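Student: Residue numbers (mature numbering (1 follows the signal peptide of the UniProt record, and there is no 0)): -20 to -1, 1 to 1122.
Take these hints with a grain of salt, some might be off.
[As the list claims (entries may be wrong)] Cut-off 30 angstroms, straight-line C-alpha distance, at most; resulting in silico cross-link-like pairs (DSBU-like, lysine-lysine):
#1 Lys878 x Lys665
#2 Lys101 x Lys44
#3 Lys652 x Lys736
#4 Lys41 x Lys131
#5 Lys1028 x Lys943
#6 Lys1037 x Lys881
#7 Lys365 x Lys758
#8 Lys878 x Lys964
#9 Lys256 x Lys291
#10 Lys256 x Lys365
#11 Lys914 x Lys702
#12 Lys896 x Lys935
#13 Lys896 x Lys952
#14 Lys365 x Lys652
#15 Lys409 x Lys782
#16 Lys827 x Lys758
#17 Lys952 x Lys881
#18 Lys665 x Lys935
#19 Lys756 x Lys665
#20 Lys964 x Lys943
#21 Lys111 x Lys44
#22 Lys101 x Lys28
#23 Lys289 x Lys353
#24 Lys723 x Lys758
#25 Lys263 x Lys365
#26 Lys98 x Lys41
#27 Lys157 x Lys1079
#28 Lys756 x Lys723
#29 Lys827 x Lys723
#30 Lys952 x Lys964
#31 Lys652 x Lys758
#32 Lys881 x Lys652
#33 Lys1037 x Lys964
#34 Lys1028 x Lys914
#35 Lys665 x Lys721
#36 Lys1052 x Lys1037
#37 Lys157 x Lys409
#38 Lys702 x Lys409
#39 Lys98 x Lys131
Keep in mind the hints are simulated off the structure, nothing from the lab. Here the structure is a predicted model, which means the values were calculated and not measured.
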Amino acid sequence: MGRIVEYLVLALTVFSPSEGTNILCLMSVASYSHHIWNRVLMEALAAKGYNLTIVSADVEKVQKVNLTYIHLEETYQAVHEGDSAIDLFEMAQEGLVKSMLTFYDYGMASCGGSLRSKGLKQILSYPNDFKFDLVLYDFTFGPCILGLFHKFGQPPLVGVSAFNNPPYTDDLIGGHKYPAYIPYYTLNYGSDMTFLQRLENAFIYAADYFYRTFVYLPALDNQIRQIPAFNKIPYIGSLQEKTMLVMVNSHHSVDFPEPIPQNMVMVGGLQIMEPKPLPEHIKKFIDSGCKGAILFSLGTNNDILAQPKIKLFISHSGLLSTHEASWHGVPMVGIPFFADQYRNLEKSLQAGVAERLVIWTVSTDKIVATIRKVLEDDGYRVRMKARSALFRDQPERPLERALWWIDWCLRHSNAETIRSPTVRLGPWKSELYDVKLLVVLVALLVSSKENKAAADQNSNISQQLEEINAKLAKLDSLEKLNKDLLTKLLKLSQRVDAVTVESRKCPSNIWKPSPRFASWLASRNPRTLVFKQNKRTDAVLVKFWRVQDKQRFIGCVRALKRPVTPAELNIRSQNKFVLVQDHLTPEKVELHRQTWELCMLGLQRPWIYNGSTWTTHPETNKRFQQTGRKDPAHSTEIVSVAFGANILCLFGVASPSHHIWNRAIVDALAAKGHNLTIVSPDVEKNTVENIHYIELEETYPELYSGPHNVDLMEMANENVFKSVISFYRDFVITECQGILKSKGLALIKNYPDDYKFDLVLYDMTCGGCMHGLLHKFKYPPLVSVTPFNNPPYVTEVIGGHKFYAYTPFFSLGYGSDMTFFERVHNTLLYTVDFIYRNYYSNPVLDKMVREYFQYDDLPYVPDLDRLSRVLLVNAHYSIDFPEPAPPNLIPVGGLQIKEAKPVPDDLEKFINAGRKGAVLFSLGTNIRSDELGKERQILLIEAMRQLTDYNFLWKFESDLDLKLPKNVMIRKWMPQNDILAHPKVKGFITHAGLLSMHEASWHGVPMIGIPFIADQHRNIQKCIRMGVAERVVFQTLSMEQVRDTVRKVLETPSYRKNMDRISVLFRDQPEKPLARAVWWVEWALRHPDVESMQSPVLKLGFLRSNLVDVIAFLVLLPCVLIFVVRKLVCKGRRVDRSKKNN
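Generate coordinates for the entire structure from the input sequences, incorporating the hints supplied.
Tutor: Set out below in structure tokens:
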């Protein structure tokens, strides 16, 4: 009972908002739209009982309870009048770089006005010890009045911005920017940019960073220090890095799906409230329209847009207006002027919910034609209704989310685990520039030796040519030329040309193939690269190596049984062929009638991409007319939650711990009425009516008893590089062999092809061994899950990026702040993992699956992972590493943790009998205590025997023929979660598996870790750094080591104190992890075809998404220029010498 009372008291003191909580709001941005957005948040906080002091350029005439405004009265005047005035219409006509500079000029002018305001003097007159519990600040134009944050003792700092997710948020909270597919806010590009667009985008991102970092912030800092009260504050750029969390006005349904850090919270549409009744005269005017009404406003108006008779919104495409129109489902005609308005409108154009008018070339006829186009084409409204449904479908309203996270910051004012390591590491380390530089230097060093011989050869040839040319110059005429001399000249010239050409084509100065590899390459009979235009499909096939693979590739294309766009047809099949297809043009419509047959477009949602708008394919209309079905472009039906859905669960991972985690999701979905068919090596004997298990009965025998049996104890002694190979070669491949041998798989394979599954849940940890079933059942929506934390290959499932600079590989015990050589080691291990998985394991897996299922049109099996709509991962920032993640990567760490039940009576009695408490000893489900060996078992028993004040519960999987002391009890199975929740359990001896670590952290029990394989080493090292655990090394296990380590953890109060703090942080979530997982699975059921959350990385590929081509261009460009200049100079010198010789 003591632990329960402790948590109840903690919950009452930590989770409840205090009426005396004071919040300082620094809202100096001179923009009324920002005030509208911020005001909604501040009034909601006041309604909760918080006291808010608002230092702002905008004030309310009628102030509400708990709100105190302090007016920065000079701010607007500084921006719109005098020498510093900014002309917004002039800004609207500026170029890309000039508009960026004007943006920062606006910030400087705004800051100057704020610093001159009497309101600032008023807040500066407050005593320094005046207690503010939290500071909210609008960071859009920088940290102008953030000196107040320092004045009042630096309470928790929360940044907010109504300006989407601007490029400088990573200055505040860390993270990264992605110019490869996230356009700069003033550019009207989409995610799929051309090379030149990405080059331009990368340039303006870089220009913005350098100008802000080295010009704007230093100038702002200097301006701020002119105020005497601020002249001794830290550098203003470092003050903003104290930001604990930011909330940005963004949502994936309307904006770009960008990987974000854990402490960036998306609250797009926060300002949208329940609409109020309109004034009678406005309501009457709207209703009097024969076909409806049109709102024309270059600002926001939520109440009017909510009226059902509003058919169109003519807007400046500001973000608030775009969000409100999207929320209420009203199509738009956009007239953008400056800043992000162009990008906002372009995103709406691509979604087919808006049209554009250019203010500088607009005419009456163009206005009328554009309005008529949007009003009379039902497709705009249908697509906007679909966007509205997606925008509204959130776990909670955006404002509720914002309030919860502000409360969270008040409860956990010192929480560091949520913050990105990049703030601390800086760009040099976090972007691995030092490691990349090392790779370049090593490559240059290696290549320089190989080039020396070639350079000497070229030098000799050049010298001989110069001698021959000198002799030729002395001849009176060409007729006197000696035939032998001419022959030598031609031969030497050809040799030089050959050397030069080879040097350009083959990077011999960087890498020279070994003789063994060159021999193998020759045996493959390589063919010349051929570009072949395919007239039937209007596609380009890039063909090389084996021609017979072409048919397999065509089969992969035919297997696309889902709605796709031409941009998605960049398909890779065993690295042999690439299909590249352009966007549609009117001239290509007939050709794409053939493409329809090839790709089977339209089985679910038959849309194709046509320039900047979505249109229905002409063949789609024809087919729907033939079948009598309604064209989705003219359907107003919106998909609703389908309770009682049929869900197929492909859980092929042979691991009881994976089964425990996955089973929690299955049981929760079944409790909500869904029907689940689970194909798994682990089955439950007693299940409810709507859960049906199909056992893959050969999986475990093949893994642990077959010809390639896996020895986990042997794997525990392998080095990290060999363990990667063993995981794929021994575990993944052998496991798949067992799955394919199982009668259970044959059973599900024999289901009728038209059997309808509404969704597939798939444990992606060990690959898609059963992906043939996806193909068989016509590709239902796919939701991937993994209990294996956030493994390195998730980027190949849902896109995004992995950050080797501060996220250690799962088998390494490093922290986020790695040394240079640790980062090199980490990068090498990630690279080995990527290469071995993609060029050995995945092709082998593909071959096995293809041979079993015998589907001619089955795509490359590993590529089917990319169909995942959502990925649920077993991670939480309080315990694991805070990584930036795409919006469809959902952390649900600890979802298997249930409300604790009373332990059995015999265990209860034994636990309570311990004088100082009890210790649970369990090595999980894969490592067995009865396989440790008798010598280790004896020393473990002796160590427990000497700790007489504690009783030990040991999960031991078989009978033990050793005499046990009175303070040790063994059982083949222990209710681990229930035991850890017992208030008298003081420690946990564990293998440091992720589920065990999460359960110990949830219940606040310190750990003694004995890691063996995989992520266990990283898990326990993370816990050691947090001060909640100690490690015992299995390879050097001794009685003294075990005894002393256990005693240290049990009898040092800091371990439990730290673990209690972690427990509170882990438990403090908006909803239980399991509830979050179920919500997102049902979200995928409600939106089976939505791609707005999909990362663009999947379509762009590695080179484009990481700007490798742009970087290569920028590196090669000066080299080419230098080469050309040198050639011209050398040519000039030769001409001069020739003239002198003549």
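Student: Work down the list of hints and note, for each, if the structure agrees.
Tutor: Hints, verified against the model:
{"no.": "1", "hint": "Lys878 x Lys665", "result": "holds (20 angstroms)"}
{"no.": "2", "hint": "Lys101 x Lys44", "result": "holds (23 angstroms)"}
{"no.": "3", "hint": "Lys652 x Lys736", "result": "holds (19 angstroms)"}
{"no.": "4", "hint": "Lys41 x Lys131", "result": "holds (28 angstroms)"}
{"no.": "5", "hint": "Lys1028 x Lys943", "result": "holds (26 angstroms)"}
{"no.": "6", "hint": "Lys1037 x Lys881", "result": "holds (25 angstroms)"}
{"no.": "7", "hint": "Lys365 x Lys758", "result": "holds (27 angstroms)"}
{"no.": "8", "hint": "Lys878 x Lys964", "result": "holds (19 angstroms)"}
{"no.": "9", "hint": "Lys256 x Lys291", "result": "holds (19 angstroms)"}
{"no.": "10", "hint": "Lys256 x Lys365", "result": "holds (21 angstroms)"}
{"no.": "11", "hint": "Lys914 x Lys702", "result": "holds (28 angstroms)"}
{"no.": "12", "hint": "Lys896 x Lys935", "result": "holds (21 angstroms)"}
{"no.": "13", "hint": "Lys896 x Lys952", "result": "holds (25 angstroms)"}
{"no.": "14", "hint": "Lys365 x Lys652", "result": "holds (27 angstroms)"}
{"no.": "15", "hint": "Lys409 x Lys782", "result": "holds (14 angstroms)"}
{"no.": "16", "hint": "Lys827 x Lys758", "result": "holds (21 angstroms)"}
{"no.": "17", "hint": "Lys952 x Lys881", "result": "holds (19 angstroms)"}
{"no.": "18", "hint": "Lys665 x Lys935", "result": "holds (22 angstroms)"}
{"no.": "19", "hint": "Lys756 x Lys665", "result": "holds (28 angstroms)"}
{"no.": "20", "hint": "Lys964 x Lys943", "result": "holds (25 angstroms)"}
{"no.": "21", "hint": "Lys111 x Lys44", "result": "holds (21 angstroms)"}
{"no.": "22", "hint": "Lys101 x Lys28", "result": "holds (29 angstroms)"}
{"no.": "23", "hint": "Lys289 x Lys353", "result": "holds (18 angstroms)"}
{"no.": "24", "hint": "Lys723 x Lys758", "result": "holds (22 angstroms)"}
{"no.": "25", "hint": "Lys263 x Lys365", "result": "holds (23 angstroms)"}
{"no.": "26", "hint": "Lys98 x Lys41", "result": "holds (18 angstroms)"}
{"no.": "27", "hint": "Lys157 x Lys1079", "result": "holds (18 angstroms)"}
{"no.": "28", "hint": "Lys756 x Lys723", "result": "holds (17 angstroms)"}
{"no.": "29", "hint": "Lys827 x Lys723", "result": "holds (20 angstroms)"}
{"no.": "30", "hint": "Lys952 x Lys964", "result": "holds (22 angstroms)"}
{"no.": "31", "hint": "Lys652 x Lys758", "result": "holds (25 angstroms)"}
{"no.": "32", "hint": "Lys881 x Lys652", "result": "holds (22 angstroms)"}
{"no.": "33", "hint": "Lys1037 x Lys964", "result": "holds (15 angstroms)"}
{"no.": "34", "hint": "Lys1028 x Lys914", "result": "holds (26 angstroms)"}
{"no.": "35", "hint": "Lys665 x Lys721", "result": "holds (22 angstroms)"}
{"no.": "36", "hint": "Lys1052 x Lys1037", "result": "holds (24 angstroms)"}
{"no.": "37", "hint": "Lys157 x Lys409", "result": "holds (15 angstroms)"}
{"no.": "38", "hint": "Lys702 x Lys409", "result": "holds (27 angstroms)"}
{"no.": "39", "hint": "Lys98 x Lys131", "result": "holds (17 angstroms)"}
In terms of the numbered hints stated before, the structure departs from none.
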